[in-house]
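> Sequences and hints are given; from them, build the entire structure.
Residue numbers (my numbering), protein chains in the order written: chain A, 1 to 293; chain B, 1 to 269.
Hint data in this document are derived by calculation from the structure and do not stem from the laboratory.
To give a feel for the contact side, a few chain A residues facing chain B, derived at Cβ under 8 Å:
1) 126
2) 292
3) 293
Covered stretches of chain A, as calculated for chain B (at least 3 residues, CB under 8 Å):
4) 9 to 17
5) 112 to 124
Idealized CB from N, CA, C, for every residue including glycine.
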Amino acid sequence: MGSVGEELARLLQVGRPVFLDGIRQFLLARSTLIIAALLLTPCLLSGWYWYDTRGDVETQVIDGEEVRTYDGEELHTFMAKVFYGLAFHIYLPLVVALVALLGAAELLDSEFRQKTMQLLRTSPVRMYEILLPKLLAGTLGTFVAVGLPLTGIYLALLVNAGSFGLREHLPLLGAALGTLLLASLAYSGIFLLINALVRRPLPVSLVYWLVWEVMLANGGSQRFTVMHYLRSFALPRLDYLGIVAEDLNLTIESTSGELVSIATDPLQAVAVLLALTAVGILLTARLLERKQF
Amino acid sequence: MKLVLGLARPSLGRVSVDGRNPASDWKLRSRFGFVPEYDCFYDHMTGRDYVAFFLQLQGVTLAEAGERAAALLDDVGLVEAMERRIRTYSHGMRQKTKFARAVAHDPDILVLDEPFQGTDPTTRRLLMERIRKWASEGRTILLSSHILHDVEALTDSIVFLSGGQVLAVGDRHAIQKLMPHVRQKVRLTPIDAGQRPQLARLLLEQPSVEGVSLQRDWVEIDTSDAEAFHHALPSLLRKAKIAIQAIDSPGEDLEALYEKLVGGEQWEA
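Quick look at the structure:
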């Protein structure tokens, strides 16, 4: 075992081609392109909204800023809430896992289908040196495939509220992208493990996602899901918009009938997600090292 | 082959390469070059990218990997196709690409699983030439093939396997010795065809010879003790002053030997 510096240099040398090929495969996969295109469709709704309200939007100057209003309501707040709904109730809980799931299959299951895993196993590399760049490719691929449409939607929605609206809600975009990055990492780690564990990873990954992540997503059992820690990370960043634990389903009913927040501390949530990913990758590496062909 | 490469673990016994376990010693793998029987490509890559990709896993820098990949693909006759995607390659081109990938990092142990499967005669000849060259460079070559004619053309060191069992090990003659009672034909072609009758008479007198047949250009004998026959032959020919152009054993190629071994003829009295 060499020094940490040597190991890192080796990881960069060996991992570079795996990462570059992985990210290219991921982003150019037909499924990724179709999903990314579908994710952009809310931009059309934003265009329709702009066309429908174009004559009725008024501009007021508040504290030196040009604030657009529609029907007495500040347009930027309305648009930010629409973006919040799309990002935190549709894209993050539903779409990210699906993209990461397809990406993991593209990155690892394809190695078995093409029988290139045997060649990797007969190359002088340790499995984690292959898996870490694949995890990074999966994370970055998912982040780009969902993050770009999400940013596009933010721009398309908030542009209705003018430059003030675009600037005012950058923390919301930051919260969405930050949560997306963590989600991409955690789900990529989990789905890579499933790809190494079973012969038919796609249906098993779908079952995990639907049965575990979606069905357990509410109530006390949510602490066993990735989603809980993602919401916990996002919650304090959405505070300025008036979003509370209840809005993100981070509450349980106490014996007295009150709703009590069960959100995890954001730093702890990040630590749990990182630990989960690390365990996933270590287990995957172990499984692949011992796999017989 | 999978055991040697560390892709499978033995259920009984142990496998070691220079005393090291190939299943757990990842550094040992840099000494192997592997040509699998099956297709194992990143079809979206060009031939050059594919070879360079695996060279980088051996620790070669990107620039050097690209140059070495190009030189290797040129060596196997793929200079014009190396910038094309592998999915457009013919079977022969794919085999050549597999070979280039396997030897790119200059391994000293080459494991070739059915390397000529589905290749055209030109590709087969080229690959055989390369295998001979690598062998002459002192590399260890482990080759498996169902086409025993190819094996015979490349090596004298043979292991016959059937149903996971070792049937025989050694060169052709050593394997033949496992079936001493099985009749064998030997064909002798004298330089002077006029000496054929004299040669036939002499051969008939040999105790190891069971039958002689006089043909147009040669004399063919039947023997069930080929070793004794071959041992006695040189002095016999010297005494009779008969010069021989060729000695061969028709129907006694590896294919025939293998069939006899699988048929259990070594156990028959």
